[in-house]
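So the protein sequences, as listed, match chains W and F.
Here the working numbering is used: position 6 in the first sequence is -5, and no number is missing along the way.
Here the working numbering is used: position 51 in the second sequence is 52, and no number is missing along the way.
What the hints contain is simulated information worked out from the structure, not anything from laboratory work.
Some hints here could point you the wrong way.
In silico SDA-like cross-links for lysine to any residue, where the CA-CA straight-line distance does not exceed 25 Å [what the hints assert, rightly or not]: (1) W:Lys65 - W:Thr33; (2) W:Lys83 - F:Glu60; (3) W:Lys70 - F:Glu60; (4) W:Lys83 - F:Ser74; (5) W:Lys83 - F:Val117; (6) F:Lys42 - W:Leu43; (7) F:Lys42 - W:Leu35; (8) W:Lys70 - F:Lys56; (9) W:Lys83 - F:Pro111; (10) F:Lys42 - W:Tyr59; (11) F:Lys42 - W:Tyr37; (12) W:Lys83 - F:Gln7; (13) F:Lys56 - W:Gly17; (14) F:Lys42 - W:Asp41; (15) W:Lys70 - F:Pro41; (16) F:Lys65 - W:Tyr37.
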Amino acid sequence: GQNIDQPTEMTATEGAIVQINCTYQTSGFNGLFWYQQHAGEAPTFLSYNVLDGLEEKGRFSSFLSRSKGYSYLLLKELQMKDSASYLCAVNDYKLSFGAGTTVTVRA
Amino acid sequence: GAVVSQHPSWVICKSGTSVKIECRSLDFQATTMFWYRQFPKQSLMLMATSNEGSKATYEQGVEKDKFLINHASLTLSTLTVTSAHPEDSSFYICSANLQVKVSSEQYFGPGTRLTVT
């Protein structure tokens, strides 16, 4: 089966940096996605990694190590609007989601 | 970017009735759509994969006779919750695949909140 782990909650102050880790053990691998989900809304795409290394996209960066089954999402210069749940999802021709990490940004 | 719509966004129904939820890809064709269910403070759980012109593939533990899926065209998939019960109350989200180079990014609809009384 699929096993995707990420921390339940993280709290940080405005302007800080947060790193959300995700470890996975899946039967197949065809890339890893990170999504942002605000309460009561559908997930929105943040990043996609299929090769090892760092993908940078503005304030958000994502890293992947396939040999270690590990990824992280880095949020820089945190803003209040970044308070949301962040979902790690492994693509094995269908998406398997982690339970999500709720990030709370405080002033 | 690719847009996926869902209708209705919110529905309340009585126990024992059926509810149909529509998922449309507005500016692209989707041969594959996915249906997810999300309970409060939990992650998305894949219910089924909907394939245009063929039967849906259901995940283990999902009753195919209770959650009827029809993918009649390349832009529309429907999920019908039959004989709904209060435990079916949840946030139902669809997504559609957009093939982009080597990735297969899924675009999510806005979700449908179902409350069964």
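- Query: Among all the numbered hints in the text so far, which are the ones the structure does not match?
  - Reply: Those not satisfied are hints 3, 5, 6, 8, 14 and 16.
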